[in-house]
Amino acid sequence: MSEMEKYLQSVSAGLNKLPENERNEILAEIRNHIHEAINRQEPINVVIDRLGHPLRLAQSYANIYNIESGNKDFNIWRDMTFFFSAGLASYVVVPTLFLMAVVLPLTSIFMVGYTLLDLFIDLPGDNLNVEMWYGLTLTGFPAIIVTLVFGVIFFIFGILCWKLLKKYLAFISLRYKKFRIDD
Amino acid sequence: MERAEWLSQVRRGILEYSILLLTTKRSMYGYELITALNRYDVLSTTEGTLYPLLKRLEKEGLVVPTWKETTPGVPPRKYYDLTEKGLTTLDMMNHEWGCLVSAITQIKNGMEGSSNE
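Sequence order for the protein chains is A and B. Counting from 1110, one number per residue, gives the positions in the first sequence under this note's numbering. Counting from 78, one number per residue, gives the positions in the second sequence under this note's numbering.
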């Protein structure tokens, strides 16, 4: 197989996602180009070198078709799917995460603050009672420890929710931008 | 900044402009366009850039191709002509190009504030 045919075959392989007639037209033009160059005494290796790596050339062409692949019906379905799923998910995810991100740290601060303050000054209300599972009730020192531990856990969880919310919003925005540009 | 890097940035839009300008006068095929562009060092480009660019201009409807047989045994040539839309785009480019050159000239002459644009 000649060097030209080898090159054209590689380009063709890189264009395999294109409709056949489009692919053949591109190949015909490159084939003509190589002939024109050879007829003017240009060495085949120089000509092929200037055309660039066959897969890269194919990619340059494919990029054009990706931009152009504007099948409107398909885009409408894609847009609808995106907005419906993203909208539905956001409806639940965004308020939940936001609420958790605000309420959990506040609860934590209140719990820990009240417990620590209660150690030094006798605050109004009963002595600290922590109702555990299976009817177990903690008082005194163990109750303080449990409150502190849960306070810290709530606080960390709240921060995590905040970060997750930011990540979620960034992810949705990125998805949105991505396919807007694709059009 | 490297000369090649700066040129490649500047040339991005100019290459389309040059191709549209070249196809105004008469039908041109790829090899001819490359040869015409390579006559100018600052416009010189490779085939790997030109052919996909031609395809894009064709897809955008700025140029229209015609296949013509030349000599037997040689694959047909793909000639490009400017379309109506291409002509409109070229008019716009000519206008903007004029504005661009005059703006740069004014900046160079230190008359930044006196632009009428």
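It is worth saying that the hints were derived from the structure and are not from the lab. Don't take every hint at face value.
To be verified - Below are the DSSO-like pairs computed for lysine-lysine, each with C-alpha atoms no more than 27 angstroms apart in a straight line:
| hint | chain 1 | residue 1 | chain 2 | residue 2 |
| --- | --- | --- | --- | --- |
| 1 | B | K162 | B | K145 |
| 2 | A | K1286 | A | K1272 |
| 3 | B | K136 | B | K185 |
| 4 | A | K1126 | B | K136 |
| 5 | B | K145 | A | K1115 |
| 6 | A | K1286 | B | K102 |
| 7 | B | K162 | B | K185 |
Said to hold, decoys possible - Derived CB-CB ranges, DEER-like:
| hint | chain 1 | residue 1 | chain 2 | residue 2 | range |
| --- | --- | --- | --- | --- | --- |
| 8 | A | I1153 | B | A81 | 43 to 49 angstroms |
| 9 | B | D168 | A | A1198 | 46 to 52 angstroms |
| 10 | A | K1126 | B | E137 | 18 to 24 angstroms |
| 11 | A | F1192 | B | Q183 | 44 to 50 angstroms |
| 12 | A | N1125 | B | K102 | 33 to 39 angstroms |
The model shown is predicted, which means the values in this text are computed figures rather than measured ones. Think of the CB as a built atom: it goes at the ideal place given N, C-alpha and C, for glycine as much as any other residue.
Results of checking the hints against the structure:
1. With a C-alpha separation of about 23 angstroms, the suggested pairing of K162 (chain B) with K145 (chain B) holds against the 27 angstroms cut-off.
2. As the CA atoms of K1286 (chain A) and K1272 (chain A) are separated by approximately 21 angstroms, the hinted pair is consistent with the 27 angstroms bound.
3. A threshold of 27 angstroms between alpha carbons decides the hint, and for K136 (chain B) with K185 (chain B) the separation of about 38 angstroms lies outside it, so the pair is violated.
4. Between K1126 (chain A) and K136 (chain B) the alpha-carbon distance is near 17 angstroms, which keeps this suggested pair within the 27 angstroms criterion.
5. For the proposed pair K145 (chain B) and K1115 (chain A), the alpha carbon gap of about 25 angstroms is at most 27 angstroms, so the pair holds.
6. Between K1286 (chain A) and K102 (chain B) the CA atoms are separated by roughly 41 angstroms; this puts the pair beyond 27 angstroms, and the hint is violated.
7. Note on K162 (chain B) and K185 (chain B): the hinted pairing is violated, with a Cα-Cα distance of about 34 angstroms set against a maximum of 27 angstroms.
8. Look at I1153 (chain A) against A81 (chain B): about 26 angstroms separates their beta carbons, and that is not inside 43 to 49 angstroms.
9. As the Cβ distance of D168 (chain B) to A1198 (chain A) is approximately 48 angstroms, the hint placing it in 46 to 52 angstroms holds.
10. Here the CB-CB span from K1126 (chain A) to E137 (chain B) is close to 20 angstroms, well matched to the stated 18 to 24 angstroms.
11. Take F1192 (chain A) and Q183 (chain B): their Cβ atoms lie about 48 angstroms apart, and the range 44 to 50 angstroms holds.
12. Between N1125 (chain A) and K102 (chain B) the Cβ separation comes to about 37 angstroms, which falls inside the hinted range of 33 to 39 angstroms.
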